[in-house]
Structures are given as structure tokens and as C-alpha cells.
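S.K.: Using the hints, position chains S and A against chain F.
Protein chains in written order, with the numbering used here: chain F, 1 to 332; chain S, 1 to 502; chain A, 1 to 334.
These are calculated hints, taken from the structure and not from any lab test.
Heads up, some of the hints might be wrong.
[As the list claims (entries may be wrong)] Computed list of lysine-lysine pairs in DSS-like fashion (alpha-carbon distance at most 25 Å, straight line):
1. F:277 x A:130
2. S:449 x S:319
3. F:216 x S:80
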Amino acid sequence: MDAVTTLPRLSSRRLLPLLYQYGIYLVLGVMIVYFSTTNPNFLTVRNAMIVLQQAAPIGIGVIGMAFVLVVAGIDISVGQNMFLVATLVGIAMRSMEAAGYLGTVGSYAIIYAIAIVVGALLGAVNGILVARFQLVPFIATLATMGIARGVALIAGNSKVAFVPKLGVISNGSIGGVPYVVITLLVLAIVFDYVLRRTPYGRQVMAIGADPVAAQKVGIRIDRDVFLAYLICGALAGLGGVLSAGQVGAVAVYFADGNEFLVISAAVLGGTSLFGGKASILPGALIGILLVTTIVNGMTMMNASPYAYKIVRGGIIFLAVMVDSLNYKGELR
Amino acid sequence: MPADDVLTLRNITKSFFGAQVLHGINLAVRRGEVLGLVGENGAGKSTLMNVLGGVVSRDGGSMELKGSPFEPTSPRDALKAGIAFIHQELSLFSNLTVAENIFIDELPTGPLWSVQYAQMRAKAQEYIDAFGVEATPVTKIGSLPMGVRQTVEITKAVIKNAEIIIFDEPTTSLSQKEKESLFKLIDRLHHEYGISIIYISHILEDVFALCDRIAVLRDGSLVGVDDRARLDKPAVIRMMVGRDLSQVYPKVEKTIGDVVYEARDVVQGRAVRGVSLELRAGEIVGLFGLMGAGRTELVRCLFGVDRMESGQITFRGRKLRSITPEDCIRQGMAFVTEDRRQEGLFMPKPVKDNLVAVGLRHMTGLLGMVKRPQETAEAAKAVGDLGIRVQHPERQQAKSLSGGNQQKVVLGKWISQQPTMFILDEPTRGVDVGAKHEIYEIINGMAKKGATVLFVSSEMEELMGVCDRILVMHGGKIIGALERSEYHQERIMHLALGGRGS
Amino acid sequence: MDTITARTSTLGRLRSFVLSESILLLLLLMFGAAALFAPGFLSLFNIKNLLLQSVDIMVISVGMTFVLLNGGIDFSCVAVLAMGSVFGAWTMARSPVANTFLAIPAGILMMVGIGLVVGAINGLSVVVLKMPSFIATLATMMVGSGVAVWFASLVAEKASIIGLPESFFILGGDQGYILLPVVIAVALALLAHWLLSTTLFGRWVYAVGTNPRAAFVSGMPVKRTVFLLMVLSGLFAGVQSVLATARNQAGIPSLGDRVFIDIVASIIIGGTSVFGGSGSVIKTVYGVLFITLLNNVVNLLGIEWYVISLIKGVLVLVAAFIDVFSKRVDLVQR
Numbered sequence: 001m002d003a004v005t006t007l008p009r010l011s012s013r014r015l016l017p018l019l020y021q022y023g024i025y026l027v028l029g030v031m032i033v034y035f036s037t038t039n040p041n042f043l044t045v046r047n048a049m050i051v052l053q054q055a056a057p058i059g060i061g062v063i064g065m066a067f068v069l070v071v072a073g074i075d076i077s078v079g080q081n082m083f084l085v086a087t088l089v090g091i092a093m094r095s096m097e098a099a100g101y102l103g104t105v106g107s108y109a110i111i112y113a114i115a116i117v118v119g120a121l122l123g124a125v126n127g128i129l130v131a132r133f134q135l136v137p138f139i140a141t142l143a144t145m146g147i148a149r150g151v152a153l154i155a156g157n158s159k160v161a162f163v164p165k166l167g168v169i170s171n172g173s174i175g176g177v178p179y180v181v182i183t184l185l186v187l188a189i190v191f192d193y194v195l196r197r198t199p200y201g202r203q204v205m206a207i208g209a210d211p212v213a214a215q216k217v218g219i220r221i222d223r224d225v226f227l228a229y230l231i232c233g234a235l236a237g238l239g240g241v242l243s244a245g246q247v248g249a250v251a252v253y254f255a256d257g258n259e260f261l262v263i264s265a266a267v268l269g270g271t272s273l274f275g276g277k278a279s280i281l282p283g284a285l286i287g288i289l290l291v292t293t294i295v296n297g298m299t300m301m302n303a304s305p306y307a308y309k310i311v312r313g314g315i316i317f318l319a320v321m322v323d324s325l326n327y328k329g330e331l332r
Numbered sequence: 001m002p003a004d005d006v007l008t009l010r011n012i013t014k015s016f017f018g019a020q021v022l023h024g025i026n027l028a029v030r031r032g033e034v035l036g037l038v039g040e041n042g043a044g045k046s047t048l049m050n051v052l053g054g055v056v057s058r059d060g061g062s063m064e065l066k067g068s069p070f071e072p073t074s075p076r077d078a079l080k081a082g083i084a085f086i087h088q089e090l091s092l093f094s095n096l097t098v099a100e101n102i103f104i105d106e107l108p109t110g111p112l113w114s115v116q117y118a119q120m121r122a123k124a125q126e127y128i129d130a131f132g133v134e135a136t137p138v139t140k141i142g143s144l145p146m147g148v149r150q151t152v153e154i155t156k157a158v159i160k161n162a163e164i165i166i167f168d169e170p171t172t173s174l175s176q177k178e179k180e181s182l183f184k185l186i187d188r189l190h191h192e193y194g195i196s197i198i199y200i201s202h203i204l205e206d207v208f209a210l211c212d213r214i215a216v217l218r219d220g221s222l223v224g225v226d227d228r229a230r231l232d233k234p235a236v237i238r239m240m241v242g243r244d245l246s247q248v249y250p251k252v253e254k255t256i257g258d259v260v261y262e263a264r265d266v267v268q269g270r271a272v273r274g275v276s277l278e279l280r281a282g283e284i285v286g287l288f289g290l291m292g293a294g295r296t297e298l299v300r301c302l303f304g305v306d307r308m309e310s311g312q313i314t315f316r317g318r319k320l321r322s323i324t325p326e327d328c329i330r331q332g333m334a335f336v337t338e339d340r341r342q343e344g345l346f347m348p349k350p351v352k353d354n355l356v357a358v359g360l361r362h363m364t365g366l367l368g369m370v371k372r373p374q375e376t377a378e379a380a381k382a383v384g385d386l387g388i389r390v391q392h393p394e395r396q397q398a399k400s401l402s403g404g405n406q407q408k409v410v411l412g413k414w415i416s417q418q419p420t421m422f423i424l425d426e427p428t429r430g431v432d433v434g435a436k437h438e439i440y441e442i443i444n445g446m447a448k449k450g451a452t453v454l455f456v457s458s459e460m461e462e463l464m465g466v467c468d469r470i471l472v473m474h475g476g477k478i479i480g481a482l483e484r485s486e487y488h489q490e491r492i493m494h495l496a497l498g499g500r501g502s
Numbered sequence: 001m002d003t004i005t006a007r008t009s010t011l012g013r014l015r016s017f018v019l020s021e022s023i024l025l026l027l028l029l030m031f032g033a034a035a036l037f038a039p040g041f042l043s044l045f046n047i048k049n050l051l052l053q054s055v056d057i058m059v060i061s062v063g064m065t066f067v068l069l070n071g072g073i074d075f076s077c078v079a080v081l082a083m084g085s086v087f088g089a090w091t092m093a094r095s096p097v098a099n100t101f102l103a104i105p106a107g108i109l110m111m112v113g114i115g116l117v118v119g120a121i122n123g124l125s126v127v128v129l130k131m132p133s134f135i136a137t138l139a140t141m142m143v144g145s146g147v148a149v150w151f152a153s154l155v156a157e158k159a160s161i162i163g164l165p166e167s168f169f170i171l172g173g174d175q176g177y178i179l180l181p182v183v184i185a186v187a188l189a190l191l192a193h194w195l196l197s198t199t200l201f202g203r204w205v206y207a208v209g210t211n212p213r214a215a216f217v218s219g220m221p222v223k224r225t226v227f228l229l230m231v232l233s234g235l236f237a238g239v240q241s242v243l244a245t246a247r248n249q250a251g252i253p254s255l256g257d258r259v260f261i262d263i264v265a266s267i268i269i270g271g272t273s274v275f276g277g278s279g280s281v282i283k284t285v286y287g288v289l290f291i292t293l294l295n296n297v298v299n300l301l302g303i304e305w306y307v308i309s310l311i312k313g314v315l316v317l318v319a320a321f322i323d324v325f326s327k328r329v330d331l332v333q334r
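Chain F extracted, bound-state conformation (with noise of 0.2 Å):
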């Protein structure tokens, strides 16, 4: 009946999870190899660095996504979170620009609030719309995609703002180490521990494998999906403004299809699709981190910027293709 039903038997179970699991440090460590070679500038640490910066706003929010893909959800709403993000924040500074209030600390610390305010909020509605109406995740989030970016543009005029003093954080650094890559470390700890060392990590977990075991044994299942969709929205605000301080300005098509950029990184970096397996550190850090060194290294060459799209469409093709061969479920 099935034209395939399992891969030729040397690589089955004992390989291939093996190749799933470590498969991405060895692509890396090539993409390392050969963009060295072509480019001697590539393999310096002020280009890692440069890598690392670029990496961090994005990799918060894949930070997110783990919690919801682990539930065996998604949320394609993040790229237009961080511009609703990125807009309101920055008609913010505008006002306090005016009210020559910016600059302050104060008026920093109430920029990324709003952000991660703004962000989670949007987050709480994907929850609300999955857990507690049993939407389709894809179509709920494609609905609050739209609904933000309609508020964003709504707001902003649908004119470029221009926030160069998020540059102060965005692309300052301490002892050579940039901001961002900072707090996306912390972030990742913080949040791995939440997710292997917290009793809502493992429930998590739990819902992902198996949602009606877990309904059984009495967990909260409504609570624990709304939290991480929760997670996500906010990751990925906080993400938006860092992005925003990097670009220097919000345009009507800054962030435009983060989400899918987010969606690969996770899954390269060992989170299910299907849900019950995550990886925040090292699997988030691990993807992001080759989503953009291909990036990066693919403009050192001077390749057509338009190859890593192609690229990185092919890599994400392979790493799903890996992950549903264990997909038991229907055709769809």
C-alpha cells in the first residue's frame, strides 16, 4: 500500500536519529569551512561578532516559538508582532522625544516594556483563540497576522519611522560583546530552564507528546498553551525592538516574513513540529545561528542576495523532511 513505507534499513532508527540529532553541527561547521574559504574576512571575530548581532533579535523569538511548537502549535503572527512592536514603540519616542524626555534611562526602560507588553498581548490573544476556542493555530495566527500588521499600519501611518536611539542598546556592547548577544544568552538560559527544569516545562512537554495522557493525569492543558503562546508573543516583541534598533528604521516591510525565518531556525535546531521535542540551548541558539551565518557568509562572497532564500528554503525542506518521518498521522 505505502510506496515507502521505511528507509533502507541501515539507516534506520540507529543512524538517523544519531545524524537528526548532531546532523546540524556538522552543516554548520561546513558552512563554516567553505565561507572561509572564499572569504578570509569570514572566519574573524569581528565578523562572529557581526554574525552573533545580526543572530540575537531573531533568535529571542525562536526562543518563543519552542514553547509553542512544543505543544505542537505555531504561531506565524511573530513577524508582524515585531512590527506592531516596532511601530508603537516608535511613535513612543516620539512623544517623549517631543516631551524631550528620551534619552533617560527611564524612557529606555519604558521602550522595551512596552515592547514586551505590546508583544505578550498579542500572544495572549493566540492563546485565548487556541486553547480556549480550538482554532486551528495556523489560521488563529494568521488572522492576529493580519489584524497586526493592520493596527501597526494604522498607527504608524503607514510611514518609516526612525528610531536611530534604539541603536544605543541594539548596537552597543560591552567589552566587545554586544548587547543583544547578551541578553539573548540570559534569555536562553533562562528560558531552557524554564522549559527542562520548571514543573510548566515538563507539562509542556507532556501536552506535546501525548494531549490526552496529559488531560488524564489532570494537567491544565487551556493554562499551559495560552502561557507559551503567551511566551512567544512577548519573546518575539522584545526581539522586534532589538531588530528595529539594528535596521535603524521601521518600515511599512520591516520584519516581513520573520516568522518563517523563526519557524526554520527552531526546527533546524532540534524542536518538533509535531510536538513533545524541543531544544532551546543549544538547538535555538544552534539554528538561528546557521540561518544567519549562511546569511552573512553568503554576502561575504558577493552571492546573489536572493541564493540564501534558496538555501535556506532547501535546508528547512530537509530538516521537516527528517522530522516527519516519524509523522504517523494523516496525509494533509
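M.R.: This is chains S and A only, laid out in the frame that chain F set:
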């Protein structure tokens, strides 16, 4: 209630969709005893346990647990009261460790909301040692064999201060060694911990080995409960099946022809371990067995719904090379699955669509367009022929029909193809008496026309009433066959239970 | 038994009708409201615009309906638009067959062919590799749009490829052939509708989308059907690429960047269920008209173009709620 009774069930009754499933059950469970619960499929064991476990509510009667009224409204209630139910589907998470699974709903936390792993592991290790779990606290459930997983599930139950643990066919997926470990564990549970055990199984040897008392259910009534010492296997079998065969089954005049279908050495995993059978034209052959015998797995392989590992099928003189539903249908075979909701019907679709599902292929004309008049006519014919009670077949959804009518729709979609070989898996399950009879008549009608019928059922009586021959399966093999003249309830049950012993 | 009588009584029938044809009613309502309140709505110019704009996503939405009927989704259709446009334009303007009589046929063949190939890749990914359609098509979308942009940058100085044969543009409604694209789109929609509602294949699509296991046991070719669905979606996207390229009179690698949400919204708001097994091409057509009307009205009323993103998001949400609601409560005969 007597001092040593931990649970008392008084006059428990339950009906589903108008059919009474439990008729006034009175049963007491003593503290620290192992009570065996036996009965045929459909005797009411699962329903009774579901009532006890809070999965379904009872219609009448009362329950007392440790002297106080017990009215669980959910499995959580029952669990809290001290009743643990070890199902065949374990509630374990394969991506978490043994320790995490045991404590999943009450993970110990410390500073920074962290799980106190050291403490948890130590505690888990205690239980592991106490119950002989062959794993470490940090082993992932996913890497453990079934037997060990079951022990973890049992451990969970004991930890929750279970007073009564119900085991539902626990040994179906266990190896002999694992079974022995389980029995040792059960022994300790009731001797050392004073936990009462209700052990449901159809493996009478096990029941006799483990249990202090044995209760027998039949057709929703408690036929008898006695000390094991006072019972023997034949006595239990007699209680399980000793009913008056008062049902009259439709008879039909027909001739049985030559062998048309032959299966040789069909193997599939541990469920089907080398089955061979021969079926003749016009013959209605029954396939009886208890849960886990492998009947459904066998027939699914025969039709290609699941893959058989090895085996040879010859149909009408031709060796079948590839076995898929499509191929089998083309050869003239039909298959009514056990689960009509999941695999038999398109529930949200109209009855008409369901009735033509198989035959649609032959109702096409130019460019693959479906001939609507023909479609409607065939559907109407099926409705008429089978007596399906539906007012507007082209509008009414399949799910709106009663169980009996739904089953007729499933039969109807196949019959319209006039198959020469019919495999039916529990075709009268969940069907009311009236519809059952109509279905028997339909089956008889097909046999009269020369078709071959393989009739899988857990209802011995109907097989005895309708079939020309009955094959009995046990442990993945056909362990016995009886001709009509040899039909004997106890003999059939004896075979189904393994056939060994007196 | 109550539901049966409810559904066959007059009131029940009315309620059923209202819910299942809600999109049509909505559409009429919208049209009426627009005619009354939107300035310049009923002008010839505007109606003409409306028709042409609806064609922009009509064919591709109809194609994707097939995939949604199976509970899946096809992200790559927009990449097919881009790739088709770019490669097709190149064929007609820069390739060896450019400026010959073969240019247009070859171009069209190229565009449709790309759709077929992408559809086949998606189909294989879903059926053989068992990848969920949304991720498989996501990957092909990324690769595809990357290829489109990269190829365009190779062969064109600016972002788009121009210099296509003028006679090709009639497929876009140029030179008074206003109705040609409309006719083509309608024809294809009718073809798709015919396929789904009258042929055996169509029945298989609905059956597989409703209950693949029952379909399998009943002898329907489940894998073949799912594969073909994906191919059809790609094919229709390819045809849309032809129409779009003709309308834009150039090969544009960024084609389709903004329309994905319109396509999905059209299908969902039209009433096709994301769970599979229920819906139709007609509903998608109404959905497309509705979305186009919405865009048009928003424009005419002078509302900023970006408000519409918000409105669409809300509408998708509402449609999703109705979808879940009707699945649970089961008011409509699906």
C-alpha cells in the same frame, strides 16, 4: 457494610442509547483481596469498571467506598477517592523520564520554581526498588518495553494512595517474564500494602492463579461470585456462557459450494501468528475469539487495510499478488470494519454519499463524470433493500442515523457491488435487536446467492445461530473449528480461552 | 432525531440555507451597500476595474481550494506566480525563442509547466515524504521565490523583465480585450467546479478530505488523490501567472508578495472548511468577489489601504470561528 469490605456496589444499572448494559449488579470487594472479573466481550465488565472509575455515570443503584457513599463524576474524583484504573493505553509520556512521569502532576518545587530533581529522583528510586521497576529514575519512558512501562503506571497508582487498583486485560502486550513480574507485584500490592485488586482478564489460568475470588458477568448481570477454591475452569465457563439459546435466527436454504478463498500462513507481528483458512462459496464462517485473539488484525490483513508480513492468499483460483483495499474490491471482496465511525462511514456526509462510496467507480460516464441518476437510484435501492430508515438520504447526514441504520448503510455500500466474498467485523455491534435480525437476513441472502461470508464476532450466540462453521482464534492462531452439529457454548469458550486443560 | 426534523422543516431549511450560503448573501449585501454608499461604485470604469481585479486572484484561489478541501494549505502558489512570471517573461523576451512565433506559446507553456512541477514536488513531499503540506509548501515557497528573484536579477538590469510581445498582453485585458482574462478565469473556475462537483475525482477529493481512512477502506486511491490535488493547485497558480504577467506586461519577481492573505481569506471566508471535506469552488469564487469588493470599497471610500489588513484579519477570524462552531454544533449540512 461488613468491616472488611472496602467497596460495595448495590444494584448498579446502566443503559446506553436505550439498551440496558448493566442489570442491577451487586458486588462487594473485600480489603486486600484480588477479585477476578471475567466474562465475554460485551458482558459489561468495562462498563461496570467505567462506572466505578468515574468515566461514565450510573443510572441506578449506589456505591459505597470505605463506608461512605461514593459518587464519582470524573476519573479525577475516583482517583482522589483511591480508585486507580490501569488501562491498556497507559497515561505515560514517552519524552519524559520515569521520575517525571511518576510525579508529573505534583512535581516537587523548590527555589526559583525549579523542579527538585534530586529529591524526586531519590523518591522515585525508592519506588523503583519497592516495586521492582526495571529502570532508573532518569530513563525516558520511550525507551522502555511495555512491561516496565506498566509497572511505572502501577507505581503511579500506588503513590496516589490507591485503595483499589483495577487491571483491565493487563497482560496482552507482555512477555512471559514480564507477566511473572506483574504477578509478583500484584501479590505484594495486596499482601504488603493491603490494596484490593480487581483483575479483569479472559486468561482463566491467570485468574485462577492470582485471584481470591472470581466474579462472572454475563449479558450485564452478575451470574455468580465465589471463592476461587470452590470453582474450577469448567464451572466458570459454564457461568460465562450458560444462557438459554432462546433467540431464533433466520434460516435459509442454500448450497455450499467449493473452496473459493484460501489464506495460508498469514503473519503479522505478534497479533497474527500463522493463520490458514479455507472458505467456500455460500458458506457463512464465524470467527470467534476473545480480546487480543487477533481476529480484527487478521481480517484487516486479509483485506489489505494493514500490511501482513507474510502469507499467501488465493481467491477464486488466483493468487493475489498485491493486497490493498482497491485490489481486493476489484477482485470482488468487501470489508465491513469493526469501527464504523472511524473507518466505515463519512459521518458528516449524507447517507447517499456513503451508500455509493464503493460503487462510485462504476457509475461514471463521459470524462469521468458521475451519473447522478444512477447514483440516486442505487442509493434508493440500497435503502429499500436493506430497510434503512432514513427520510432524505441525499440530505441527512450519516451521523444522524441510529446505530443499526448506520451499520446498514455500511453494509449497503458494499452489497451494491455484489461481492462474492464478504468480511464482516462485528457487524451487529451497537445495533438494536430488530436491526440485528435484519442484518442476519441480509447475510443469509448474500450466502444464498453464493457469496462467501467471514463473520467476526464476540457474540457466540449469533455465530451459533447464523454460521455454518465457527473458527475459534486464540493468541493469533486458529485453535479450533466446529461444524454446526458440534456447536456447544462451553466448548467454544473453552477453545477461545486457550483450549488447554479440562 | 431532533436535528433531522429541524433540518427538514421550513425554518430549519431556511436557517441551513442562510448559513451555508452566507457568503453569497454577504456578497450581495456588500454590493448593495457599496452601490448606495461608495461614490463612483457603479461607474463603468469601476466595474471594469472590479472584474479585472477579481481575476487577479480568482484562478489561484480556485486552485488552492483543492488543497484546502483536504485540510491542507499551499504556500507555494505565490512563489509559482513569481517564478512563472519571471521565467515566462524571459522565455518570451530574452530566450532563443523570443521574437519568434513560438514566443508566446513557449512562454505560456513555461509558466504553466512551472506550476505543474512545483505542484508535483509538493505532492511528493506530502504523499511520499509524509511532510505536512504547510511546511512542505512553505519550503517550496521559500526556494521558489528565492529562485524567482535571483533569476530576475541575472537577466534583467532592473527588477522586472520587460519587452514581452505585445499580443501577449491581450490576456491581461489590454487593447479592448477587457473581457478576455475574465472569460479565462471564469472558464477555469467552471472547469474546477465541474471537476469537483461532477467527476469521480471530485468525489474522491471530498471523501479523502472528510475521512481518509474510510476512503482508503472503501477502495479510493487516497495517495493518488492527494498528490493530484497539490499538482492542480500548482497548475492553477501557473495559469494565474500567465494572466498576471500579461496584465503587468512584465515578468515581476515580487509578484504575489502581498496576495497570499487575500487568497486564503477568499477561500476561508467563502466557506470552505480548513478541516477539509467541505466547501466548493463556487464558494471560493464568491469569496474572491467579496475580497475584491472589499478592497475596492475601501479604496473608493478613501480609507487608507492598510486598514484593510485589519479588516481581513478580523474576517478570517470570524470565518474560522464559524468553521469551528459549525463543526461542533453541526448546523449546516456540509
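S.K.: Hint compliance check: list the failing hint numbers for this structure, sorted ascending.
M.R.: Result: no hint breaks.
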